[in-house]
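Visitor: Letter by letter, the chains look like this.
Number of protein chains: 4
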Amino acid sequence: MVVVMRTDATEADVERVCEKVREVGGEAFVSRGTVHTIIGLVGDSALFRALDLDNLPGVDHLIQVGKPYKMVARSLHPEPTVVRVGSAEVGRSTFTIIAGPCAVESEAQAHEACRAAKEAGAAILRGGAFKPRTSPYSFQGLGKRGLEILAECRAETGLPVVTEVVDPRDVDLVAEWADALQIGTRNMQNFELLKAVGAAAKPVMLKRGFAATIEEWLMAAEYIAQRGNSEIILCERGIRTFEPSTRNTLDLAGMAVAQQETHLPVIVDPSHATGKRALVGPMARAAVAAGADGVMLDVHPNPEEALCDGPQALTPTDLLGLAADLRALARALGRPMA
Amino acid sequence: MVVVMRTDATEADVERVCEKVREVGGEAFVSRGTVHTIIGLVGDSALFRALDLDNLPGVDHLIQVGKPYKMVARSLHPEPTVVRVGSAEVGRSTFTIIAGPCAVESEAQAHEACRAAKEAGAAILRGGAFKPRTSPYSFQGLGKRGLEILAECRAETGLPVVTEVVDPRDVDLVAEWADALQIGTRNMQNFELLKAVGAAAKPVMLKRGFAATIEEWLMAAEYIAQRGNSEIILCERGIRTFEPSTRNTLDLAGMAVAQQETHLPVIVDPSHATGKRALVGPMARAAVAAGADGVMLDVHPNPEEALCDGPQALTPTDLLGLAADLRALARALGRPMA
Amino acid sequence: MVVVMRTDATEADVERVCEKVREVGGEAFVSRGTVHTIIGLVGDSALFRALDLDNLPGVDHLIQVGKPYKMVARSLHPEPTVVRVGSAEVGRSTFTIIAGPCAVESEAQAHEACRAAKEAGAAILRGGAFKPRTSPYSFQGLGKRGLEILAECRAETGLPVVTEVVDPRDVDLVAEWADALQIGTRNMQNFELLKAVGAAAKPVMLKRGFAATIEEWLMAAEYIAQRGNSEIILCERGIRTFEPSTRNTLDLAGMAVAQQETHLPVIVDPSHATGKRALVGPMARAAVAAGADGVMLDVHPNPEEALCDGPQALTPTDLLGLAADLRALARALGRPMA
Amino acid sequence: MVVVMRTDATEADVERVCEKVREVGGEAFVSRGTVHTIIGLVGDSALFRALDLDNLPGVDHLIQVGKPYKMVARSLHPEPTVVRVGSAEVGRSTFTIIAGPCAVESEAQAHEACRAAKEAGAAILRGGAFKPRTSPYSFQGLGKRGLEILAECRAETGLPVVTEVVDPRDVDLVAEWADALQIGTRNMQNFELLKAVGAAAKPVMLKRGFAATIEEWLMAAEYIAQRGNSEIILCERGIRTFEPSTRNTLDLAGMAVAQQETHLPVIVDPSHATGKRALVGPMARAAVAAGADGVMLDVHPNPEEALCDGPQALTPTDLLGLAADLRALARALGRPMA
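Protein chains in written order, with numbering that gives the first Met the number 0: chain V, 0 to 337; chain U, 0 to 337; chain R, 0 to 337; chain A, 0 to 337.
Keep in mind the hints are simulated off the structure, nothing from the lab. Careful, some of the hints might be misleading.
Stated by the list, open to error - Straight line, CA to CA, 20 Å or less: simulated PhoX-like cross-link-like pairs of lysine-lysine: (1) U:66 with A:275; (2) U:143 with U:201; (3) A:275 with R:194.
To be verified - Now the in silico label distances, taken between C-beta atoms and shown as ranges: (4) U:143 with V:172: 20 to 28 Å; (5) U:78 with V:172: 39 to 47 Å; (6) V:43 with U:77: 27 to 35 Å; (7) A:53 with U:107: 22 to 30 Å; (8) R:59 with U:332: 26 to 34 Å; (9) V:138 with U:86: 40 to 48 Å; (10) U:46 with R:78: 39 to 47 Å; (11) R:118 with V:107: 55 to 63 Å.
Stated by the list, open to error - These stretches of chain U come out as covered by chain V in the derived footprint (C-beta under 8 Å, 3 or more residues): (12) 50-56; (13) 108-114; (14) 132-144; (15) 221-235; (16) 258-268; (17) 323-337.
All figures in this text were calculated on a predicted structure; none of them were measured in a lab. Think of the CB as a built atom: it goes at the ideal place given N, C-alpha and C, for glycine as much as any other residue.
Please model the entire structure based on the sequences and the hints provided.
Guide: As structure tokens, this is what we get:
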């Protein structure tokens, strides 16, 4: 950490900072510039942060040199993590397709969508039973009945299931039925929910908040890891920008940055990022080429009758064709499919 | 609602839309343009929305003409709502100062901050017992002990208390101790929490999500109102933009838009919006001049020792001076203080 | 175009709108909803726009149904345009690599960079002689001498050259030396410059403004086309968002949207979008997989000595490897290289 | 400046940085942390920036401690600048109203608007003769004839005139007719235009780019000052964000930050920021309360017939009422009107 002093800081101000640092066992190196004096701190930066040095007289601002996360940081754990979801693995050396219905609407719809996912080569099924919706007047999911249907789909296809949990009170219930717990974009900083899934015995898929920086996303993962659950898959799903032609702006470079910063696997959801069927294919192809560890795709047997996000769902036929493209691209880059 | 057809839509596509609309009791008026055909729908737009017409063949997109919220909409309830928080009122015809510590850190600190708030003319106390923090390594609040301290501050000052709730499981506990429940910016779309406070018997202060549109903010208020609690105060607290010199960008025009769109009172939090003490005064003065229904201010007896957001807290002396300015400005505009 | 009337609009207000529309030869269809009355207009929407109907009493707002651009719109010219830059072609059925130094710094540096570009299979050279820089204290380019050096590089490699023009007074000079004129991101809405290159006899590469919507980008292209120059290549180069870990956020989905909206070719600049060498490869690979019509890459024989944007420049060796990847991906998707 | 080394930097990497710094006469202080080594540089930071140290092996990133602007920086020139526009003064100790038509459309319209401005107490007239418009199909201004009409308005009212220049080739012409030259938001980084007005003998009003940081805005002012013209008024006019209900988001806190950072006067344009008449009053009142040095307001005798931005123009009656409010607020804060 570096402390930048104000231009009018006194010698006593500088000394006060150094003393505080030494009190917690750190070292302080003072560099007196022509305009600013700066103080370089050496030691445990978590301790320094707790000192709230920016509140001391004469201090202009602090500069964080290190990262505010630890357990999920790649610099401290260079070996990539492979997360096991039921029988499937998600990690840096394979490419995983996750597919299924956005929301579970009925037994027939879910089964058909999951069959299509399996046929296309998906390794994991997705499907929403509890749906967070912007409007209280929209379809809110089937709840527990949705979980049961997903379990039937798993039984039929032999593929593990990831599904969203939106309430800390439901974590045990969802963990009982699902193979992995999804935290949605609007809940990325619902810290009580993060703590609850951190204490669960199932892996977690943590979607990036649509207005979260990568650093905040990794801090959210740190909340989960800190509670003892380090089986975390990160999922980039677009960020909010000024551009109105897509629902959000898919931040593929952000996905690549996250891969550099953390040892956890990072996948991409082109369906929710774009909100438009015609863009799902291009962005899924882009994701594999950019080096993502997987993609998550919405499929619906009959998109025009979907109760949720129909405009972005692929048909089973679309999905088959896209999956073939993804395999061809992965092959061209020498990356095996999961 | 207006349905815009694709340029290649067929006559059958147009007829299909009209039929669907008529099936739910609506009327459809077709206008054939040189490039696009559009269909104007007349009837209950909630019913039309449920039809998911944008999934039908030949449909390019839908245009919402009406508002997606109802209970909180000013167009349907032109009379402004006055929300009672304990003995205090917040509404469109007065100006209310809410002040207190960002976080309750200790008995002494909270009492001193609340005394300063009262002395400056605040009508309501604020103070955090449960604190949502970006980093799991930051101070997370005193929890239940914090609520008790706030109750002592209320007893001493005679002023009602608003405090944040972050977990649906804590709503009953917090409602027992506090006069109003605050929903923080990161929880604005934590729908399970919204539903829980919607069922509580205390008024709710709903902060705008830092990346939420005004429409989404009002939809979040609709979730609360729909559960039976229409005692809601909205609080603008800055939105995330590209500008790095302030923590967030205070959207005062957004506050004014919200006042036009809803009958609920709308206040401003300049402390959290800017994150900088030197900007709190200018933005609080701007808020009253722009017509806000109140401001919420952080005060700390000793900001440089604050455990949370010290750089934005006013000292008791700062607060006294600022409150005098706010009264002078309100007087110049003919607006009485609450 | 659709006119949405205010809830308190009178019958006379509605009639006034209809009359104005009929005066310019249009037709107006009135749909009276339960809350709003809307009026659908049929005819030439450019004429309707000139009426400024949103200023009439009783009008709430207008909804544009059609597109505000015409000459560059794909809906009116479905056939993709192939732009010829010297001997090279850029279009929807091939994939073009453009490479060269960010700025021309010296004869030796430019020649070495352009040789590397040619060796890697680039079809067009890039290089800046006039550099727009945020700081007046940064290197501003070699000006005319830079153009001469670029011409020497063209002579040596046989490849055409694209270079930036920043002043309407320089368009003739730059057009004399270069094969295509680049409009940089900060000048996308420098309308006098757009008009000047619209009158030039060389193709134009129009970079997207870093805060421009796709619609505004296409309007800027329309300015050029309207002056008689329809040889335009669009270049996506990242947009400004709240995320600080990359210089800008590459909007690959926006590239795909632009390809749907216009018949002009659309390429991607991953170097300037990300500002980081380690992200250029992933984003260039993503661009070809997403269907872009080409990429533009910075190469520098010695990036650590670059006078401009060194941290994003590839070395000649990097470029060779990346170009091989791009060819492999293009082949996997059945797309020939230009 | 601080150099942060990579975790894998060698001793030789550190020494190389120090040597480069010493070669240009600086001093380098090395602090070896547990994770990172950092090097504090003391000396002329402009020289250090030219070294491009971030390209050296082992360097992770640089941290700018000082400001990249000098001539416009308040830290180096604490005394506020008062800019004279004809007979009027704009500065930190008064409050100035600038008003007039958005665009000069005709003699009658401009005269009527300017008379209204004078009657309301404006000290300076505004009016556009050259209009930058997003669409090539919109009204582009009257050009030279517009300048003549503005000169007539000046003669009639006795008030000085500020008007926009959009092309470096027109600077002499506009400077001949006008009392101050306006640089519009889309041209804030049109560096050739900045250089041209920097060489003119008239003061400049520099609008903030709608996607520019405050630092970039001040760098743009530095371009002008560097050419010898330090008579610069800054004008905040809203930034682009995700919020769709206003044209842009007025960044009043950004105005206050600019006032802290520079000695130049900073005013606010609520008309263009919001794009809506009903918000102009609230935001103008907020501006004076926040401490802005002035406001610039659009007035039109007949807004519903305006050729440009009619929906945001005040009527003469609106303007009179608003100006009275602004005077009352300024009085309450003890600030005299210009």
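Visitor: Each of the hints needs a verdict: does it hold here or not?
Guide: Each hint tested on the structure:
For the suggested pair residue 66 of chain U and residue 275 of chain A, the alpha carbons sit about 19 Å apart, so the restraint of at most 20 Å is met. Distance hint between residue 143 of chain U and residue 201 of chain U is fulfilled; the C-alpha atoms sit about 18 Å from each other, no more than 20 Å. For the suggested pair residue 275 of chain A and residue 194 of chain R, the alpha carbons sit about 30 Å apart, so the restraint of at most 20 Å is broken. Checked against the given bound of 20 to 28 Å, the beta carbons of residue 143 of chain U and residue 172 of chain V, roughly 26 Å apart, stay inside it.
The given range of 39 to 47 Å is respected by residue 78 of chain U and residue 172 of chain V, whose C-beta atoms sit roughly 43 Å from each other. At about 59 Å, the CB distance of residue 43 of chain V to residue 77 of chain U disagrees with the hint of 27 to 35 Å. For residue 53 of chain A and residue 107 of chain U, the Cβ-Cβ distance of about 48 Å falls outside the hinted range of 22 to 30 Å, so the restraint is violated. The beta-carbon spacing between residue 59 of chain R and residue 332 of chain U, approximately 28 Å, falls within the hinted interval of 26 to 34 Å.
As the Cβ distance of residue 138 of chain V to residue 86 of chain U is approximately 42 Å, the hint placing it in 40 to 48 Å holds. One distance hint, 39 to 47 Å for the beta-carbon pair residue 46 of chain U and residue 78 of chain R, holds here, with the actual separation near 42 Å. Hint check: residue 118 of chain R to residue 107 of chain V, Cβ distance near 58 Å, so the stated range 55 to 63 Å holds. Restraint check on the segment 50-56 of chain U versus chain V: 5 residues with Cβ-Cβ distances below 8 Å, three needed, restraint holds.
As drawn, the segment 108-114 of chain U meets chain V at 0 residues by the rule of a beta-carbon pair under 8 Å; below three, the given contact is violated. With 5 residues having a Cβ less than 8 Å from any Cβ of chain V, the segment 132-144 of chain U passes the three-residue criterion, so the hint holds. Residues of the segment 221-235 of chain U lying with their CB closer than 8 Å to a CB of chain V number 3, which satisfies the three-residue condition for coverage. Coverage of a stretch by a chain is defined here by at least three residues with a beta carbon nearer than 8 Å to that chain's beta carbons; for the segment 258-268 of chain U and chain V the count is 0, and the condition is violated.
Evaluation of the coverage hint for the segment 323-337 of chain U: breached, as 0 residues show C-beta separations to chain V shorter than 8 Å, against a requirement of three.
The structure fails to meet hints 3, 6, 7, 13, 16, 17 from the earlier list, while all remaining hints are met.
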